[in-house]
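Colleague: So you can see what is in the structure, the chains are spelled out below.
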Amino acid sequence: MKHLLQVNNLSVSFRIDDSVTKAVNDVSYYIDQGETISFVGESGSGKSVSQLAVLQLISTPPGSIDNGCVMLEDEEVFKYSANGPEMRKIRGGKIGMVFQEPMTSLNPVKTIGSQLMEPILIHTGVKDKEARKRAISLLSQVGIPDAEKRMGDYPHQFSGGMRQRIMVAIAIAGNPKLIIADEPTTALDVTTQAQILELLKTVSEKNGTSLLIVTHNLGIVARYAQRIYVMYAGRIVESGLSRDIFAHPSHPYTRGLLNAIPRLDDSKERKLQPIDAPAKMPLDDGKRCPFLPRCKYKCDMCFSQGIPDLTESVENGHFAACRLSREELDQIDKNSQDSTRIDRREPLKDNILEINNLSVHFPIKHSVLSSKSTKLTAVDKVSFKVRRGETFGLVGESGCGKTTVARSIVRLINDSEGEIKFNNLDFNVLKSSELRRQRHKIQMIFQDPYSSLDPRKSAGSLVGEPLKIHKLISSGQEYDRRVDELFTLVGLSPSLKNRVAHEFSGGQRQRLGIARALASNPDLIVCDEPISALDVSIQAQIINLLEDLQQELGLTYLFIAHDLSVVKHISDTIAVMYLGKIVESAPCEELYANPMHPYTQALLAAVPIPDPEIELTREKIILPGEVKSLMNRPAGCCFSDRCPYTMDICRKQVPLVKNYGNEHYVACHKLEQ
Amino acid sequence: MAQFIIKRLIQSVIVIFIVSIFTFLLTYLMPGDPVYAMLGGDITQEQYDIAYKEMGLDKPIFIRYVNWCGNILEGDFGKSYKYRMPVIDLIKERLPITMYFGVLSIIISTTLGIILGILSATKRGKLTDTIITLLANLGAVMPLFWLAVLGMSLFAMQLKWLPSYGFTFPTDNFVTSVKQTILPLFALSVGAIAGTTRQMRSSMLEVIRQDYIRTARAKGVKESKVISGHALKNALIPIVTLTGMSFRNVVSGSTSVEIIFSIAGTGQLLVSSVLSKDVATTQACILIVAVVVSIANLIVDISYGYIDPRIRIQ
Amino acid sequence: MNKRGTSHFMSGITRFLKRLFGRRIVIFGTVLVVLFVMTALLAPYISPHNPYKQNLALSFAKPSAEHILGNDELGRDILSRLIYGTRTSLSIGFIAVMIAAGCGIILGLVAGYVGGVVNSVISRIMDALLSIPAIMLSLGLGIIFGSGMASLMVILGLSTIPTYTRLMCAQVLAIRNSDYINAERVLGAGSIRIMFSHILPNCLSPIIVLFTMNIGGTILAEASLSFLGLGVKAPMASWGAMVNEGYSRLITNPVFALAPGVCIMLLVLGFNILGDGLRDILDPRLRGSI
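Residue numbers (full-length UniProt numbering), protein chains in the order written: chain Z, 1 to 673; chain C, 1 to 314; chain Y, 1 to 290.
Since the hints were derived computationally from the structure, they do not count as laboratory data.
Treat each hint with caution, since some may be false.
Said to hold, decoys possible - Which chain C residues face chain Y? A few, computed with CB under 10 Å, are given here:
hint : residue
1    : Leu9
2    : Ser12
3    : Arg84
4    : Met85
5    : Pro143
6    : Leu144
7    : Leu147
8    : Phe174
9    : Gly253
10   : Leu270
To be verified - One side of the interface only, derived from the structure: several residues of chain Y facing chain C at Cβ under 8 Å:
hint : residue
11   : Asp127
12   : Leu130
13   : Leu228
14   : Tyr247
15   : Val255
Note that the coordinates shown come from a computational prediction; the quantities given were computed from them, not determined experimentally.
Ideal Cβ placement from N, Cα and C applies to all residues, glycine included.
Kindly generate the complete structure, drawing on both the sequences and the hints.
Modeller: Right under this line is the structure:
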C-alpha cells in the first residue's frame, strides 16, 4: 500500500562556529491517509527538525539536508528547490503546519484576516471576496467568537489559546492532506491544551486529514496517536503502535521516560526513576548507541558493536534500536536493587504558615491625563494553612494568581493585604530591616534555572552568598566547608565551585538554586514551578532530590505548579486556584479521588494519562471558553461563565468556602444544595 | 493611540521646557558680564545701565526666566548685536535653508538606506552584500567635512562642474538651485545612508529569523512576498526610530556643510554668533533647532504607532 | 581566588580572545587601533621634527626628502603634526567617553533602579540633551566651558552622556525584575549590594561595546569642531584643524588635507570594527541596536 508521506534516511546537520551537529540522523518514517501519528522526544532530539526538513523550512545555512528521500504521494519533495513554486504548492496546500509558539508565530503587524486569507488565495484559487468569506467561516470553525468582527484585529489582541486556534485555521486553510503540529500546546495551559488538541482531532477527522503531532508529552501521545516514533539524539530509537509501545516499551530510553514521569493515576508511594544524565553529554560520534552514556541496561555488546539498527520485535510493526531484547531488559529490571517506593514522613500537627485573607491588587492607570486608576485584583482573599513538614501544593493555570501568592509570602510583592503568619509572626507587617533579618527562614526556588542565577558569579559564591548576608559563618574556613557541604547535599561535586552558571546543565542549575535556598537553613521553601522548565527525564531527578531533602532536613514546601501529575506526586495537601481564588483544597489523595469543584474536575480530566488503554475509557470534559482576564472577572462565582452546572445564584453571589469533611474545603453553590 | 500621542506630546513639552532653561542660563553661565554678553563690549556706561534694567538683572532670576519665555512666545528673541537686527528675522531667513537640506537629506538617506539594506540582507554572504557592507562601513567613518572639502575641490575647483558656494531655493532658479544643492547634500547624506543601510541590514536579518516568517513560508507564500509582505514592515520599526535620531545628526552635520559651502543657514549663523559671542542669537538658534528636532521626533514616534499596531491598539 | 579559579578565569579569557580574533576583520580593526595608540605613545620618538617649530621659509612647501609630507602655512612639518594629532584625537576621544560613560552609568543605574519620578526626570533631561544636535550642543557648552583641550573633553563627554544613560537604564529595567535579582531579595540582600554586586556587572557588556564605538564617534566630533575652528587651540596639532588648513592647497599639496582625513577614517574604522566584534561576542542581541 502506498503511504501518504514516506521519508527515507533523512539526515540533517547544523554548522555553527565550525562545529557540525547532526540534528537528524538517518531517520525513516511514514504516515498514511487519515492516520494520527506522533513523534516523541525531549528538546534537541531532532523531532521538530525532521518535520521542518520535510518542508525544506530549515534555514540553510546554518542547516543543511545531507541525505534523504521524501515521497509525498507521487512527488519526490527534495527534487524541488527550497522556495520554488512546486515546494510552495506543497507548503500549506498539501501539508499544513501548526507551530509551537502561538505568541511569535503570527506576524505582529498584519491583521489575522489577511494572514488567514493568504493561504486561501494561494492554494484554493478563489478570489478576494470568496476568500474572505472562507476565512470567516474557518475562524468560526476553529472556535473564534465574532469571527467576522475579529478579522481586522491584530495577533496581540488575542490570547495564546486563541492565537493557536488561528494557527490551526491557517494550517487547514489550503485543504492540506496532512497537518504537522509541532508541539502545538506546549506553551498553553492544560485546559486550553485539551481544547486545541480536540480541535485538531475534530478538523482532521472531518476532512480525512492525516495528523502528525510532535510532542514531549507522553500523555498527549497516549490520548491521540495511533502510532508513535520515539526519537533520541537525532535518531528514531523505537516505533510502533501506540498501545504496543506503552504496554511493552522495548528501548531503554522509552522505558526510562515512562518510569521518570509522575502520572495522575500513580500511587503516592511510587518513587520516580530518573534517567541518568552525565553533566556533559558526549557528542554523537556515529559509532556507538547515542543513549549509551545514560543507559542503565548497557552491556559489553553496546561498547564493542556499532549503533544498533531498528529491529522488529514480537508484535508486527514494533521496532526498537537496542542490542537487548525486551525480555532481557525485563530481566535486568527484575534484578535491579533500585528502591521503587518512597517512605513519607507524617507532617506535624502545628502550622508553620497561616495565610489569612491575602489579597493582592495591582493598580491600572487608565489615562495619562487623569489620576484615576482602578485596581486589578490578582489574588482575592486567599486563606490556607501549611503544616510543619508537609508539602503544600498550589495548582492552577496561568493567571490564576498562584505565583503572586508565592511572591507575597516571600515579600517580593510588598503591598499585599491580609495576614501572612510564619512561625506565628506576621510577615506582612514586618519593617524592612526586621524583614531582612527574618528572610533566611523562608527561601524560594525559582522556575527558570537559566534566569534565576546571576550569570557573572561563580557557583560557589552564589551558594555561599546567603551565608555572608546573614553572617551565618565565623571564618573563611567555615564558609568553604559549608559551601562544600551544600554542594554535596544537592548532589553536585564541590569541585564545580568555580564554574559560572552557564557552564551547568539545566538540572544542575536547578540543584544550585536549591543549594542556595538551603544555605540559610530555612524552615519553609517556596518552590515556584521548580521543574517546569526542565526536560522530562531531568524533572524526576529534581523531584526526588526535593523529596530526599525533605526527609533529611524536615523541610516544609509550598509547591506551586501547573502540572497536576507532579503536584499529586509530591504534595500532602493541595489547593486549586482559579482567577485569584482558592476554589478547592483537600489532602492529596482525597482531592484526586473525589474532586468536588467543577473546575477541579475539568482540570483533572484535561490531563492526559500516558496509557492508551486508560485514555480510551476516560471521560473527557472539555471546558468551553477561556479563563477570563482579571479585568472582567465574572460577577458571583468566578467560574460561573465556564461551569457546566451554573445556576442563577452562581452569577450573583460569591460562593463561600465550606468544609465537606476530611479537611476537604470547596467553594461551590452546587454542593451546598 | 490618542493616549500614546498625548503622552508623547507631554514629554516633548517637558523636553522643550528643559532646553529653554538651559539656553536661558547660557547668558548667566558664560564667563563675564551678561550685559556685555547681550550687547557686546562696545557700549557706554549709560547704555550699560539701561540694558541692565531692560534685561531685568535687578530682578530675581525666576522672574527673568518667565519674562524671557514670555518674550519668546511673542516671537521676540532679542536683538543680535552682530547683525544689528532682531534675532527672529535672522532665524526666519536662515531656518528654512537648514530645513531644506535636512528634510531632503533624510528622505534620500532613508530611502536609499532601506533599499540597500534589504538588498544586502537578502543577498547575505554574496558579492552584493560584501560590497554594500564595505561601502556602508566606510561611509559611517568618513568625516563629513572632509568629504565636503574633497568634493568641493574636485567638482567645483578642479572640474568646475558645480558651483562651490551659495544657495538658491528651487522656486527662485531651479537649475542653479540643483547645481548648488548636489555637493552639500551628498556630503550631508553619506553618513546617514551608511547608518540606515547598516541598521536596515541587521534589522532585516533579525526579522527573517522570526517564527512568523517561517509561518509565512509554511503557508506557501512566495519568497519575494515573504520579504515585501511580511518582513519589511517589521524590519522598518527600528528604522523609524533611527530616522528620528538621524534628523538630529543631519542638522548637526549641516553646520559644517553650511560653512564650507558658504550657505547662510542656521548652523552657520550659530557658529558665527558663538565666535562673536552673540548670545541672543546663540540662544535662539539652539532653542529653535531643539524645538524642530523635538517636533521631528514626535512625528516619527507617531508614525511609529501607525506602523506597529501593538502601540496603536492597546 | 585560588589557583584553580585563576586558571579557570584565564581559560575564559583565552576563549574570549580566540572568539574575538577568530575573524580576520576584527584582527584588522585591532591592528589599526593598536598602531595608532603606539604612534600616540611614541610620538616624541618617532616624529621626525618638532611639530611646533615654525619656519616661514617653508610655508606650504611641497613634500621633500626632509619633510616627507611637506609643510603647512607656518612651515611646520606636516608628518610630525599628523603624529602629534594622534595624541590629541585619542586622548580627547578616550577621556571624553570616560566622562560620558562614568556619568551615564551612574545616572542610568539610579534611574532604572529607583524608577518612578527619578527615572522620568533623568529621562527627560537626557531627551533634552538629545534634542540638541551634537555640534550645536557642543557649541552651546563651549560658551560656558570655554575652549581648550580640557573643556573639549568635558563638552564632548557631556553631549554623549544620554546614550549611556539610556542604555544603562534599559539594561537595569530589564535586569531588576529578573529572577536572579528576586532571588537576592529573598535572600535578604540590601539595595546597595544588589545594585553594585549583581545589577552593575551584568549591565557592563553592552556598555563596553558602546564605549568602544563611541571613542570613534567622539574622535569624529572633535575633528569636526577643530575643523570649524572651535576645537583645540593653536598651536596644538589636530587632524580636523589640519584638514581646514590644508584644503585650500589641495591642488599644490593634496597630502596636506588628504592625510589627516585618512587618519581619522582609519582610526574610527578601527574602533568601529573592534566594537562590532565585541558586540557579536558579548551581546549578539544588540546587533542593530547600537
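Colleague: Against each hint, give a clear statement of whether it holds in the structure.
Modeller: Right, here's what the structure says about each hint:
{"no.": "1", "hint": "Leu9", "in the structure": "violated, 13 Å"}
{"no.": "2", "hint": "Ser12", "in the structure": "holds, 8 Å"}
{"no.": "3", "hint": "Arg84", "in the structure": "violated, 21 Å"}
{"no.": "4", "hint": "Met85", "in the structure": "violated, 21 Å"}
{"no.": "5", "hint": "Pro143", "in the structure": "holds, 5 Å"}
{"no.": "6", "hint": "Leu144", "in the structure": "holds, 7 Å"}
{"no.": "7", "hint": "Leu147", "in the structure": "holds, 8 Å"}
{"no.": "8", "hint": "Phe174", "in the structure": "violated, 29 Å"}
{"no.": "9", "hint": "Gly253", "in the structure": "holds, 8 Å"}
{"no.": "10", "hint": "Leu270", "in the structure": "holds, 6 Å"}
{"no.": "11", "hint": "Asp127", "in the structure": "holds, 5 Å"}
{"no.": "12", "hint": "Leu130", "in the structure": "holds, 7 Å"}
{"no.": "13", "hint": "Leu228", "in the structure": "holds, 6 Å"}
{"no.": "14", "hint": "Tyr247", "in the structure": "holds, 4 Å"}
{"no.": "15", "hint": "Val255", "in the structure": "violated, 13 Å"}
Taken one by one, the earlier hints fail for this structure at numbers 1, 3, 4, 8 and 15, listed in ascending order.
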